[in-house]
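Chemist: Listed below, chain by chain, are the residues.
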Amino acid sequence: MSSAHDVTDATFTDEVLNSEDTIMVDFWAEWCGPCRAVSPILDQIATEHSDKIKIVKLNVDDNPQIAMKYQITSIPAMKVFKGGEVVKTIIGAKPKPALEHDLAEFLA
Amino acid sequence: MRQIIIIGSGPAGYTAAIYAARANLAPLLIASSVEFGGELMKTTEVENYPGFPDGVMGPDLMMNMQKQAERFGTEIVYDDVTSLELDGQVKRVTLGNGDVHEALSVIYATGSAYRKLGLEDEERLSGYGVSWCATCDGAFFRQKEIAVVGGGDSAMEEATFLTRFADKVYVIHRKDSLRASAAMQERAFNDPKIEFLWNKEVGHIYGDGLVSGVGLIDTVDGTETTLNLSGLFIAIGADPRTHLVHGQLDLGPEGTIIVDGRSSRTNLTGVFAAGDVIDPTYRQAVTAAGSGTVAALDAEHYLASLSKDLLASATQPAEPATASVTA
Numbered sequence: 001m002s003s004a005h006d007v008t009d010a011t012f013t014d015e016v017l018n019s020e021d022t023i024m025v026d027f028w029a030e031w032c033g034p035c036r037a038v039s040p041i042l043d044q045i046a047t048e049h050s051d052k053i054k055i056v057k058l059n060v061d062d063n064p065q066i067a068m069k070y071q072i073t074s075i076p077a078m079k080v081f082k083g084g085e086v087v088k089t090i091i092g093a094k095p096k097p098a099l100e101h102d103l104a105e106f107l108a
Numbered sequence: 001m002r003q004i005i006i007i008g009s010g011p012a013g014y015t016a017a018i019y020a021a022r023a024n025l026a027p028l029l030i031a032s033s034v035e036f037g038g039e040l041m042k043t044t045e046v047e048n049y050p051g052f053p054d055g056v057m058g059p060d061l062m063m064n065m066q067k068q069a070e071r072f073g074t075e076i077v078y079d080d081v082t083s084l085e086l087d088g089q090v091k092r093v094t095l096g097n098g099d100v101h102e103a104l105s106v107i108y109a110t111g112s113a114y115r116k117l118g119l120e121d122e123e124r125l126s127g128y129g130v131s132w133c134a135t136c137d138g139a140f141f142r143q144k145e146i147a148v149v150g151g152g153d154s155a156m157e158e159a160t161f162l163t164r165f166a167d168k169v170y171v172i173h174r175k176d177s178l179r180a181s182a183a184m185q186e187r188a189f190n191d192p193k194i195e196f197l198w199n200k201e202v203g204h205i206y207g208d209g210l211v212s213g214v215g216l217i218d219t220v221d222g223t224e225t226t227l228n229l230s231g232l233f234i235a236i237g238a239d240p241r242t243h244l245v246h247g248q249l250d251l252g253p254e255g256t257i258i259v260d261g262r263s264s265r266t267n268l269t270g271v272f273a274a275g276d277v278i279d280p281t282y283r284q285a286v287t288a289a290g291s292g293t294v295a296a297l298d299a300e301h302y303l304a305s306l307s308k309d310l311l312a313s314a315t316q317p318a319e320p321a322t323a324s325v326t327a
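In the order they appear, the protein sequences are chains A and B.
Heads up, the first sequence is in this note's numbering, so the first residue is 1 and it goes up one at a time.
Heads up, the second sequence is in this note's numbering, so the first residue is 1 and it goes up one at a time.
Hint data in this document are derived by calculation from the structure and do not stem from the laboratory.
Just so it is clear, CB atoms sit at the ideal spot from N, CA and C, and this is done for glycine as well.
Mixed in with the good hints there might be a few duds.
Capping the alpha-carbon separation at 20 Å, the derived lysine to aspartate or glutamate pairs in DMTMM-like fashion look like this [to be verified]:
{"no.": "1", "chain 1": "B", "residue 1": "K42", "chain 2": "A", "residue 2": "D61"}
{"no.": "2", "chain 1": "A", "residue 1": "K88", "chain 2": "A", "residue 2": "E30"}
{"no.": "3", "chain 1": "A", "residue 1": "K52", "chain 2": "A", "residue 2": "E100"}
{"no.": "4", "chain 1": "A", "residue 1": "K69", "chain 2": "B", "residue 2": "D208"}
{"no.": "5", "chain 1": "B", "residue 1": "K144", "chain 2": "A", "residue 2": "D61"}
{"no.": "6", "chain 1": "A", "residue 1": "K88", "chain 2": "A", "residue 2": "D62"}
{"no.": "7", "chain 1": "A", "residue 1": "K88", "chain 2": "B", "residue 2": "E75"}
{"no.": "8", "chain 1": "A", "residue 1": "K79", "chain 2": "B", "residue 2": "D208"}
{"no.": "9", "chain 1": "A", "residue 1": "K82", "chain 2": "A", "residue 2": "D14"}
{"no.": "10", "chain 1": "B", "residue 1": "K42", "chain 2": "A", "residue 2": "E30"}
{"no.": "11", "chain 1": "B", "residue 1": "K116", "chain 2": "B", "residue 2": "D99"}
{"no.": "12", "chain 1": "A", "residue 1": "K88", "chain 2": "A", "residue 2": "E100"}
{"no.": "13", "chain 1": "A", "residue 1": "K69", "chain 2": "A", "residue 2": "E15"}
{"no.": "14", "chain 1": "A", "residue 1": "K82", "chain 2": "A", "residue 2": "E105"}
{"no.": "15", "chain 1": "B", "residue 1": "K175", "chain 2": "B", "residue 2": "E195"}
{"no.": "16", "chain 1": "A", "residue 1": "K79", "chain 2": "A", "residue 2": "E100"}
{"no.": "17", "chain 1": "A", "residue 1": "K79", "chain 2": "A", "residue 2": "D14"}
{"no.": "18", "chain 1": "A", "residue 1": "K79", "chain 2": "B", "residue 2": "E195"}
{"no.": "19", "chain 1": "A", "residue 1": "K82", "chain 2": "A", "residue 2": "D51"}
{"no.": "20", "chain 1": "A", "residue 1": "K88", "chain 2": "B", "residue 2": "E123"}
{"no.": "21", "chain 1": "A", "residue 1": "K54", "chain 2": "A", "residue 2": "D43"}
{"no.": "22", "chain 1": "A", "residue 1": "K82", "chain 2": "A", "residue 2": "E30"}
{"no.": "23", "chain 1": "B", "residue 1": "K193", "chain 2": "B", "residue 2": "E145"}
{"no.": "24", "chain 1": "A", "residue 1": "K88", "chain 2": "A", "residue 2": "D102"}
Just a sample of chain B residues kept apart from chain A, beta carbon distances all over 10 Å, derived [what the hints assert, rightly or not]:
{"no.": "25", "residue": "G55"}
{"no.": "26", "residue": "E102"}
{"no.": "27", "residue": "D153"}
{"no.": "28", "residue": "T163"}
{"no.": "29", "residue": "K308"}
Stretch-level coverage of chain A by chain B, calculated; a stretch enters the list once three of its residues show a Cβ under 8 Å from a Cβ in chain B [said to hold, decoys possible]:
{"no.": "30", "segment": "26 to 33"}
{"no.": "31", "segment": "48 to 57"}
{"no.": "32", "segment": "84 to 98"}
With these hints in hand, go ahead and build the complete structure from the sequences.
Modeler: Here it is in structure tokens:
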């Protein structure tokens with residue numbers, strides 16, 4: 001359903017926290033309808049702004065440690081990481097223009 | 001220009017699309033960018049949709065309706081309508097991406113949107129313990145104490161569903177009896193994890209980063225008590241999504257669009273409405289689907305009454321997809 005690369009409890013530190021890129025993590029699950037809805041939009045944003053932001057996804061069922069660490073209580077939840085820190089959190093599926101607006105500072 | 005545009009992608013919208021497409025009207029369906037599939041996308045098992053003796057997953061049912069509509073030539077656009085011009089013979093539908101689509105008829109089937117409590121911290125804590133979707137967020141409340149606000153079927157359904165995860169589920173209701181159907185009530189009453197808090201209203205939601213509790217106001221004597229909670233699920237009903245048609249279509253006292261008798265005809269010629277947006281009472285997936293059928297047949301009838309010249313100016317239907325075995 002999405003072309004975004006998967007990260008896991010095991011790879012999160014290396015691939016997200018230690019990355020030099022701006023990375024947005026899409027916290028999702030198979031059973032979450034709104035996650036299915038937002039995922040193709042995130043793919044589009046990732047493709048259109050591949051030089052500015054990387055988007056990866058984390059399945060909260062398979063990776064409970066990271067989901068718990070970041071206190072995920074609602075999905076889809078999208079967190080932007082820069083230098084190992086969360087710099088932006090977006091919760092819930094939104095239309096593409098609204099997501100682009102929320103992410104404007106990273107896409108500019 | 002098209003013959004018909006359908007706005008909405010729940011059971012009403014897709015069923016209207018199936019009928020309109022089979023009538024070779026080549027409908028364009030505006031499905032919304034993130035809420036396509038409607039309310040059923042947020043449900044799990046649907047047990048009362050006829051034809052599925054073992055139940056069906058809500059999202060699967062909606063994906064099937066979408067495929068069925070597409071099979072007969074419905075074109076689907078995943079965007080949101082930002083404005084509508086419905087008076088006049090040619091209707092104009094403007095989308096979020098700036099595209100303007102024209103059609104001789106419109107079926108408006110946008111459903112309804114969840115009602116909020118209207119409390120000051122509700123928005124801030126939304127997604128941080130305040131939720132409108134038990135099936136989306138319930139799993140994050142394993143072994144927690146949580147509450148559902150509401151007294152209808154959806155509140156009972158949410159509460160019962162949430163007992164899969166939570167240790168304790170309070171149901172907060174401002175009256176001393178429920179609106180919910182007998183079957184749903186019984187299931188909730190018999191659930192040892194569910195406790196009812198009668199005659200209580202949520203006055204405050206507490207929590208810094210995450211929800212930590214609520215202030216409950218007794219609706220009989222006005223006293224306020226505090227209840228510690230990790231999550232608050234709000235299921236107090238929904239309002240018809242009519243903001244795009246205010247001032248154009250007539251609305252009834254419940255806020256739903258008024259249609260003529262058992263038809264789907266609105267006060268504007270060539271504009272039809274279907275599903276929850278016209279229904280203050282029943283609001284089931286299957287009644288919405290039936291309502292979508294009515295709208296498609298009404299629209300078909302209306303289009304047949306127009307002059308040949310006018311119809312010729314609307315895009316001829318694409319080569320109809322025959323009932324091949326590829327589906």
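Chemist: List in ascending order the numbers of the hints, as given earlier, that are violated by the structure.
Modeler: Going through the list in order, the structure violates hints 2, 6, 7, 11, 18, 22, 31 and respects the others.
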